[in-house]
Amino acid sequence: MTAYIHPKNIEKARDALWKEHQGSSAVRASLFNLVIYTKNNERQDYFQKIAKGVIKKFPCRIIMITESEESKEAYLKTFVSDLRPDDNSNSLFCDMINFEVSGDYRNRIPFVVTPNLLADLPVYFLSGDDPCKKDPVSIEIKDLATRTVYDSEVSESMVDFAKTLLELYNNGCYDIGDLNWARLAPWRGLFVHTFNDPEKLKCLRESKDIRITYNVTATKQFCHTKIGATYFQAWIATKLKWNYESMLGTKEELCFKYSSSYGPVTITLIPGKYDQVPPGRLLKFESFSSKNEHILLEKSRQNPQKISIHHATPTHCEMPAYYLLDKEIAGKSMIHEIYSQGTRGSFVDVLKLISKYNSGSICS
Amino acid sequence: MSMAHNFEPDHSLSKEELDKCSSKPGGDAFENPFHEPEYGKPPEPCILVILGASGDLTGKKLVPALFNLMREGNLPTNFICVGVARRPKTVEEFRSEMSSQITKHSRTTPDESDLFAFSEKLFYYQLEFQDDDAYNNLNLFLKDLDKNYGTRGNRVFYLSVQPTYFLPIIKQLKTHSLIYDETHGAPFSRVIIEKPFGHDYDSAIALQKNLSNFLSESQIYRIDHYLGKETVQNLLVFRFSNSIFEGLWNNRYVDNIQITVAENIGIEGRGAFYEGQGLTRDVIQNHLMQLLSLVAMEPPINLTPDAIRNEKVKVLQSLQTIPLSDLDRFAVRGQYKEGYIDGDPVSAYRNEQNVDANSNVETFAALRLQIENWRWAGVPIYVRAGKRLPKRSTEIAISFKKPPSILFHKNDRLNIPNQIIFRIQPNDGISIKFNTKIPGSAAIIQPVNMDFQYASYFGKEVPEAYERLIHDSILGDSTLFARVDESINSWRILTPVLDHWKNRPLQPEEFYPAGVFGPKIADHLPNSEGRKWKPV
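First to last, the protein sequences are chains L and E.
Per the working numbering, the first sequence starts with residue 797, numbered consecutively.
Per the working numbering, the second sequence starts with residue 140, numbered consecutively.
This is chain L alone, in the form it adopts within the complex (with noise of 0.2 Å):
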């Protein structure tokens, strides 16, 4: 059962857990602060699972914010527990303290947050709520932040988030991510890699046609499975310099045109299925150039994180390569956020290219 504290006899209930590990050879670590805030929904575990991913990998301080919407009551809870990585032969702790508030006293949560961080290490603030609303809570404790990581699969419209983002970067010089934009590093890395051949990047920048495949199995906690794969072609679109056009689609076929100064290119993003792969992760990608050459990247269905690289000219065939994704792993997009300092000037063309798409929802 949680033993709930008063905020101000945080210190001693640290301490006190602290004491049950001396003797033995714990480290207690923090490299940085880690603030959480979630809503108290299907979201919440998973939030939890991204703060024991990033703690297996580097230790901190977890500040988690957890507040309920339905609760009747007003009330700020406070407990102190210790997480480890799961792995027993690591002998690390780090902090963990929970907060969970509902009703008013959610306007106290800056003044707990703030004396609760460690001086002089970075902060960051992964946020479950919608930067679109512009809650006052969250902004305050954003500008605890050394970098916010949102999630834009709590947002309604891919496009409201875009420019919310973009407007946050404009105004206030802040440093800011996506947990959905993260998860998209193991394919961008593979396209760095795949595309560090002139003759395959000509075929690209060649492409009249292009197609790629989402996981369209939605979860409770995950629906918007086509942000990712917008995100991505929007990627490719503003590195080859192409220029926006149009977009059409149905709730979960889109198709956006781009001039290229090779011609139109017409990217298509379409649902497929893919059972062990989480939803909205890309599963294909195809391109068919206007000199009938032909590339696709495609998921290995007996292993995800396999990619089968073929090229086919209408004289050469090569033999297929191969390039492994990382293994997913909960926390390691944040990890990656984490570790990418400043906001990706990659990053910022693609959200004000996605702001001139037509506000008809793309999350919805």
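Hints are computed from structural coordinates only; laboratory data are not their basis.
Each statement offered as a hint is correct.
Covered stretches of chain E (chain L as the covering partner; in silico rule of three or more C-beta atoms under 8 Å from a C-beta of chain L): (1) 205-212; (2) 252-258.
No more than 20 Å apart at the CA atoms, straight line, and that leaves these computed lysine to aspartate or glutamate pairs for DMTMM-like: (3) Lys1123/L with Asp250/E; (4) Lys1035/L with Glu170/E; (5) Lys1087/L with Glu1002/L; (6) Lys998/L with Glu170/E; (7) Lys998/L with Glu175/E; (8) Lys180/E with Asp1122/L; (9) Lys1148/L with Glu175/E; (10) Lys1037/L with Glu170/E; (11) Lys282/E with Glu995/L; (12) Lys180/E with Glu995/L.
For glycine and all other residues, C-beta sits at the position ideal for the given N, C-alpha and C.
Dock chain E against the given chain L, drawing on the hints supplied.
What follows is chain E alone, placed relative to chain L:
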């Protein structure tokens, strides 16, 4: 200590030859629009050819390193590794052997599907190194792979062979157009060679002169796996990205520097090899001198390979050769006798397989060196390395001068100097020793350690040195490889010592029982100057 120059070889590389040592910018002719700093520089498609693929190094280090590079997305997507050796073997046999070696030696646990994906990148080619025609056929074989796997004619040759084969193989590779001239934007061809680079000063110069007939300096990658270790790479970051230390990094504050490379293993069945080498050639000439140059170098003007290596070589050039008259005082060697390692008896060096029963070869060496430049003049540098020492430990200890003893250290014996210790292996990390007051009414001072361990902070998956070095060679980044002038300057210091030892049989006091830190006479090096070896 007087340091007269009494070893001035009359032959060296000409200015033109030394100019060739500067690396030319390599390969990239086109811009990859997808490249972003977070992914590092992406490698170009290529074939890595391991010559001597039936040796231990291939299965224990090289192929597991390639496997982990692939797993972590650090190999080009269009990549092939061809093992070349004399033994007849099918590609399936080679793939199966390498898969089991990966399972045994990889730092990560491989799963079946990853192993399968990787093994599809492996090929085998049987070749007698002297067989002229075989190189033609190898060339055709590689061209065929280029065509089928999109590797674009780019080659990295890893010479995992005895040093005597370096030149004949490189000559054949060049003659049969497997090595190309360096042209910007054209396919690249690079050669990685293992230590030792030469046997002494003269032979290193001769080897370089011969190699430069076939390869430019920017194509040669002299691998020293110590340089691929995280703590070694971190030396530069520690020194030049932390302003609190740089002001202290000089002869005003540093009392002495000690570098220890201790191994508890013996020669591991390499008797024939060791008889021709000895500890100094095997460890000090390369690993230890590299560590010394990194710890003592001036800040480079930028992080390009040449800028860093220019500064390293200046340190080696500033190292004073030990005068002949001082060799017995400042250079100590030893050879292990029977003894105990971890409580188990081990045999004497002279009783090892393929070792002469009267061998004069050293398995331990300690030197007192000095760098004569503005930063380090007067700071003694004690280095030691040995086999069959009590434990495996490589570290660099920077000891600072003691504070005046008028306040807290009236008893000078308790006046412990501050130290910064870089642990290269095991438990890679950095610790700083400083004095603190023991709680209580009396002012009793106790030294304590502030300790940073890579594994604790960044997890246990620190890449193996070979991973980083192979990756860099594919990228064309030679920063972590020794340049010829580094190697030659290292030989300049050590050749007189080796010549001196060669002509003298080992004396009884130069033997040490396996399981201790070398012969007792090695203690004389720091003791005679009022210092001690730092315990490791």
